[in-house]
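*Asks:* For reference, the chains in residue letters:
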Amino acid sequence: MSRYLLDKFLFTVDRDPELVERYRTDPVGLVEWWEAEMANRILGATTGEQSTWLAFTDDEREALRTHDHVALFGMGAHPFLTLTLFIAMFERDHGPMEYQRAYGAALAHVTLPYPDIST
Amino acid sequence: MATVCAVIASTHHPFYYRASTATGDDRPPFADAWVEKIERFRETLTAARPDVLVMVGSDHFHQLWLDNMPQFLVGKAPAYDANWYNEEREFGLPRLHLAGEEQLSAHILRQGLDSGFDLAFSNELRIDHSITCPIITLRPEADLPIVPIYTNIFAPPLPPPWRFVELGKQIRTMVESWPSDQRVAIIGTGHLSLELGGPRQFGPQGPDPEFDRRAVDWIARGDLTGCLEEVTLDSLHLPGNATHGFMDFMLMMGAAGDGVAADHVDSLDLFHTMEAYFTWYPGGDPR
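Order-wise, the sequence lines are chains A and B.
Remember, my numbering sits 1 above the position in the first sequence when you count from 1.
Remember, my numbering sits 417 above the position in the second sequence when you count from 1.
Only chain B is shown next, with the shape it has when bound in the complex:
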């Protein structure tokens, strides 16, 4: 059976690519510290020697739209083009092309449907920065096949937080039951407190540093019980109007395991939002 060689959870900040590649007067003062943290984070994936990446993210109204909106969707295609015109325009993100691991996609779809998750699927999926940001930060060679999994954290009505946790647990189980000798890293990205298009956006920090502090603590300790006691669809409106993206962190806590502390924990207080990076090694720390 396949081996889950790493479980990784991260914010997906679309400004990283431009900040990290800028030079001279265009380079922001926080870029060097940010790059240093990302390179340390990248080493945690490299050390796990993955063959395949399961990538959990959320489409930002690119291909998925309100006339036909899935709650959870698995890509099943031999290839994925990546990034969209408005992401080039606003963030300077490059177009990417990634290979797909169709056998694992098919396995996840079959096993998911058989276990009570009515997963939607796509045979032609152009992925966006929720998945390409962690490619850029963690595997800039973009040389490994992927299975993209999209969650709806964006267009209410949303699934509740516990359902994200359950899907994360199930993804871990499904990858571990894949009849293959491949080493699979499960990588998911979300947000801490975040405001987009509202009065609290683009402040000197994220909109709710206290929520961020507690969220990092929940994730680092794998404290699903404490997290699920406090986080609801309603409560996530309070730290910022885009904070429902935190549910993808909760999904990854499910994938990492209840009560399992992360082997790598880092964060960076930036303007607008806090960055946070976590890696778990189910088979022991290879570093």
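Here chain A stands alone, though its shape is the one from the complex:
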């Protein structure tokens, strides 16, 4: 489990309009590119310094490749990050609040306590 890396993916994609569109239209390609180029980038370093050890598990990679917000919730990805990014990608295809309600309804089977989101 690498909740931190899932969150790092959601965070860096959501904050970049170009990446939001690439993730919407080509999730498999974007996830492959991101894991190769971005997963180990130290975001606070200005000189391109890299970490050496960050990688998705197969389940995490698959959840991201398939836009599976229910699986991401179950893995403990930060719900605010997932929601914000998925609204950016898919709200446009729906009526007012329709997507947000469907997003919640897809999680209706979830009971308390929710998965741990601590990193």
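Derived from the structure by calculation, the hints contain no laboratory data.
Do not rely on the hints blindly, as some may be mistaken.
Which residues of chain A face chain B? A partial, calculated answer using Cβ under 8 Å [to be verified]:
hint : residue
1    : Ile43
2    : Leu44
3    : Gly45
4    : Pro80
5    : Leu82
6    : Leu84
7    : Ile88
8    : Gln101
9    : Gly105
10   : Leu108
11   : Leu113
12   : Ser119
13   : Thr120
For each residue, glycine too, the CB sits at the ideal point set by N, CA and C.
Let chain A serve as the given structure and place chain B on it in line with the hints.
*Replies:* Here is chain B on its own, set in the frame of chain A:
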């Protein structure tokens, strides 16, 4: 010494700006009632005649990130840009620019560190809607210098509720010991029950109206004892998965004073979450 002319606690609803400025068919049916309540709330700050605003909020993973996450952070800069691309995208929030009150920032940092709060600081901080929402609702002219203070209600492990209360008390003490003749309003925003990204989000009301009713009662009466008896990091998961933002209300109860009832109390039951607005006047109600 500086005067605390008002202590104000509020929810920060990013949809207010769009709802209040929408016209025609785009204007939601609840907008007029919402604007009316906000304008009444705004009058409580205007009546206090503030010169400086200390603004307590929480970064929503904009500038603060998990590779270097402070629990409590004070901005110390001559200016603050405000709002981010994804807040424009989702909420239609405008970009803002606010002046900073660096002397008060420096005073709070020094006094905080000397009194046992290991406050982080930032000399270049772009603030987000936790602080710009109350600017839009309470001081839309955005013409007063600010000291932003961020709390971590978002990325566990979080500080416990009592620590928020203690910081609120300390902020009040620190502002009152600032060698200045300025009138300072301490404004903080948080949440009542709230669910984001979970099964209880975007319902016809907030996810836990009973928690909201009790929370408004605690805040309105300044009932820190009752609140601290019941609210824990664990208990806040129950009303909704983003309800830890309530700890910023607890911080403001600390700033207002234990057992001190608010001079202005209002709330609005909306879809998704309840809005709530509180003002205390430490020196007496100027209205």
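*Asks:* Would you mind marking each hint as holding or not holding in the structure?
*Replies:* Structure-based check of each hint:
1. Ile43: 7 Å, holds
2. Leu44: 6 Å, holds
3. Gly45: Check passed: Cβ of Gly45 of chain A comes within 6 Å of chain B, closer than 8 Å.
4. Pro80: Holds. Min distance 3 Å.
5. Leu82: 6 Å, holds
6. Leu84: 4 Å, holds
7. Ile88: 6 Å, holds
8. Gln101: Given a least distance of 4 Å, the restraint on Gln101 of chain A holds.
9. Gly105: 5 Å, holds
10. Leu108: Interface hint status for Leu108 of chain A: holds (4 Å vs cutoff 8 Å).
11. Leu113: 7 Å, holds
12. Ser119: Constraint on Ser119 of chain A satisfied, holds at 4 Å.
13. Thr120: At about 5 Å, which falls below the 8 Å cut-off, the nearest Cβ of chain B leaves the hint on Thr120 of chain A intact, so it holds.
Hint check: no violations occur; every hint is consistent with the structure.
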